[in-house]
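Visitor: Chains as they are written, first to last, in my numbering: chain W, 1 to 222; chain R, 1 to 222.
You may find that some hints are simply not true.
What the hints assert, rightly or not - With beta-carbon atoms standing in for the labels, derived distance ranges: (1) Glu195(W) with Asp81(R): 55 to 63 Å; (2) Met1(W) with Met77(R): 23 to 31 Å; (3) Val123(R) with Met77(W): 43 to 51 Å; (4) Gly127(W) with Glu195(R): 32 to 40 Å; (5) Ser85(W) with Leu215(R): 32 to 40 Å; (6) Val151(R) with Cys155(W): 27 to 35 Å; (7) Ala193(W) with His164(R): 36 to 44 Å; (8) Pro56(R) with Ser85(W): 31 to 39 Å; (9) Ala192(W) with His44(R): 33 to 41 Å; (10) Ser40(R) with Ala193(W): 19 to 27 Å.
Derived by calculation from the structure, the hints in this document are not laboratory data.
Keep in mind it's a predicted model, so treat the numbers as computed, not measured.
We treat Cβ as the ideally placed atom computed from N, Cα and C, and that holds for glycine.
Chain by chain, the residues run as shown.
There are 2 protein chains.
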Amino acid sequence: MKKAIILFSGGLDSTTCLAIAKSQGFSPIALSFSYGQKHSAELHAAKIIAKKMAIPHTILDLPVGQLGGSALTDDKMTVADYNGSDEIPTTYVPARNTIFLSFALGLAEVSNATDIFIGVSAVDYSGYPDCRPAFIQAFEQVANLATKIGVEKNCFKIHAPLSHLSKQQTIELGIRLGVDYSLTVSCYRANAAGEACGKCDSCVLRKKGFSDAALDDPTHYT
Amino acid sequence: MKKAIILFSGGLDSTTCLAIAKSQGFSPIALSFSYGQKHSAELHAAKIIAKKMAIPHTILDLPVGQLGGSALTDDKMTVADYNGSDEIPTTYVPARNTIFLSFALGLAEVSNATDIFIGVSAVDYSGYPDCRPAFIQAFEQVANLATKIGVEKNCFKIHAPLSHLSKQQTIELGIRLGVDYSLTVSCYRANAAGEACGKCDSCVLRKKGFSDAALDDPTHYT
Numbered sequence: 001m002k003k004a005i006i007l008f009s010g011g012l013d014s015t016t017c018l019a020i021a022k023s024q025g026f027s028p029i030a031l032s033f034s035y036g037q038k039h040s041a042e043l044h045a046a047k048i049i050a051k052k053m054a055i056p057h058t059i060l061d062l063p064v065g066q067l068g069g070s071a072l073t074d075d076k077m078t079v080a081d082y083n084g085s086d087e088i089p090t091t092y093v094p095a096r097n098t099i100f101l102s103f104a105l106g107l108a109e110v111s112n113a114t115d116i117f118i119g120v121s122a123v124d125y126s127g128y129p130d131c132r133p134a135f136i137q138a139f140e141q142v143a144n145l146a147t148k149i150g151v152e153k154n155c156f157k158i159h160a161p162l163s164h165l166s167k168q169q170t171i172e173l174g175i176r177l178g179v180d181y182s183l184t185v186s187c188y189r190a191n192a193a194g195e196a197c198g199k200c201d202s203c204v205l206r207k208k209g210f211s212d213a214a215l216d217d218p219t220h221y222t
Numbered sequence: 001m002k003k004a005i006i007l008f009s010g011g012l013d014s015t016t017c018l019a020i021a022k023s024q025g026f027s028p029i030a031l032s033f034s035y036g037q038k039h040s041a042e043l044h045a046a047k048i049i050a051k052k053m054a055i056p057h058t059i060l061d062l063p064v065g066q067l068g069g070s071a072l073t074d075d076k077m078t079v080a081d082y083n084g085s086d087e088i089p090t091t092y093v094p095a096r097n098t099i100f101l102s103f104a105l106g107l108a109e110v111s112n113a114t115d116i117f118i119g120v121s122a123v124d125y126s127g128y129p130d131c132r133p134a135f136i137q138a139f140e141q142v143a144n145l146a147t148k149i150g151v152e153k154n155c156f157k158i159h160a161p162l163s164h165l166s167k168q169q170t171i172e173l174g175i176r177l178g179v180d181y182s183l184t185v186s187c188y189r190a191n192a193a194g195e196a197c198g199k200c201d202s203c204v205l206r207k208k209g210f211s212d213a214a215l216d217d218p219t220h221y222t
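Between the sequences and the hints, there should be enough to build the whole structure, so can you do that?
Guide: Shown next as C-alpha cells:
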C-alpha cells in the first residue's frame, strides 16, 4: 500500500481527509502540530481519532505561536464571533499552511511517501489565502523542486480533496465513509474538554454544514 | 528603511547575505534555527555575529532532527569526508530550506517585511535540490499566494544573491563589504569551540574559496 501523509488537526475537515485517503487505498500517516494554538483540545481529539482508526500519528512541536500575529495563538488577541465579513479574520495564522506542508514534505521524504493530504476548502472557509487551490498547486511545485525524489520523478502530489466541497458535502462524504464526527473538534475556542462555543467562524460553518445536510449535529457545545 | 528577513546560520554564505542585505539598504532581521543539527557551534557563531553587527536576531527551535534522514541530525549517521561525487550527499536534510523559508515567511508577515534573503548557491554547493534557482522561484510564488499581503500586492521577493556566485566570488564580495569570516562557522562537524574539520564538503568548498581568492583562510581548524 502506498503511504500518504495527512495533515491532521483532529477537526471535521482533516478527519474526513483521513477517511478519504484510506478509501483511496493509501496507508495514512497522520501528522499533527502543537503550535501554540489556544484550542489545543483539538490535539487530544486527534490522538483519540488516530488511535481509534489505528493510524500511525506523529505530533511535532512548532514555534508558530512565538511569531504571534494571530488570535488563535496570541493571548492578547481575542477570537471573535462569526460576523460574515469578507475580510481575512484575525484567526488567520501567518504562513501556517506553508509551514505545516513543509513539515509534511519532510516527513513524506523520510517515509518514502510522495502523497500529502490537506483538508482545505475554498467554499465554506474563513477566507485564509493559504486554503485556495492556487496556493496548493504552487506548493506542489515547490515539493517537486525541493526534494531528491521530486527532482528525479516529479511525483509529489498535494491532495486537497475537499477543495471544491461545501461543508455539507464534506459531511455527507464523511458519513458515507464512516467518520464519527462526535469525536472531532473544530471550535477555535474549544475548552479543555473539547466543548465548542458555537459562535466562532469554525463553529458557525460546521453547524451550518450539519443543518444543510439535515443531520443531527453531534458537536459537544458548552 | 525596508525590513528584510535573513536566513542566518552563522556560516560563510548567510553572513555574506546579511552584509549584502545591509549594503542594499535593508534593515535586516536575522533568523536562525536550532533544528537538531550536530554542528550547533554555528548557532553560537550566529549569535556573536548578529550582536557584533547590531542586528535583531531570532532563534527558533524546530523538530527537523526528529524527522531523521540526514547525517547532519541523526546520531546513527556519519558525516562523510568530501569525495567529489555528483550524488546528493547524506548531509542533505529533507525539506530543510522549504521549512526554513516557511518560518521566514511567517516572521516576515508579522514584521511587515516582504523581502527574504537566503544564502544558497548553485555553483560551489553540495548538490542539494533546495539550493537551485528553480526552487527559490517556486517558493516565491508560494509566498505570494499564501499570505495576506502577497495576495493583495504580489510583493514578496526571495533574494538569493549568491545563487550564481562561486565560493571565491562570494568571499571576495563579503570582504569588500567588511565581513569578518573568522567569526563564521561552516563545518558540518564543527566542535563545541567552533573549530572546523577541514575535510567535510562544507570545509573543502570553503577552503577552496579562500585559496582561489588568494586570501589567507581565517577558519579555525582542529
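Visitor: Now look at each hint and say whether the structure bears it out.
Guide: Evaluation of the provided hints:
1. Under the hint 55 to 63 Å, the C-beta atoms of Glu195(W) and Asp81(R), about 58 Å apart, fit the expected range.
2. The supplied range of 23 to 31 Å is met by Met1(W) and Met77(R), whose beta-carbon atoms lie about 28 Å from each other.
3. Hint check: Val123(R) to Met77(W), Cβ distance near 45 Å, so the stated range 43 to 51 Å holds.
4. Gly127(W) and Glu195(R) have their C-beta atoms about 52 Å apart, which leaves the hinted 32 to 40 Å range violated.
5. For Ser85(W) and Leu215(R), the hinted distance range of 32 to 40 Å is not satisfied, since their beta carbons lie about 59 Å from each other.
6. Under the hint 27 to 35 Å, the C-beta atoms of Val151(R) and Cys155(W), about 29 Å apart, fit the expected range.
7. Evaluation of the 36 to 44 Å hint for Ala193(W) and His164(R) yields a failure: the beta carbon distance comes to about 57 Å.
8. At roughly 34 Å, the beta-carbon separation of Pro56(R) and Ser85(W) lies within the given 31 to 39 Å, and the hint holds.
9. In this structure, Ala192(W) and His44(R) meet the distance hint of 33 to 41 Å, their C-beta atoms being roughly 39 Å apart.
10. Between Ser40(R) and Ala193(W) the Cβ separation comes to about 40 Å, which falls outside the hinted range of 19 to 27 Å.
Hints 4, 5, 7, 10 from the list above are not met by this structure, while the remaining hints are.
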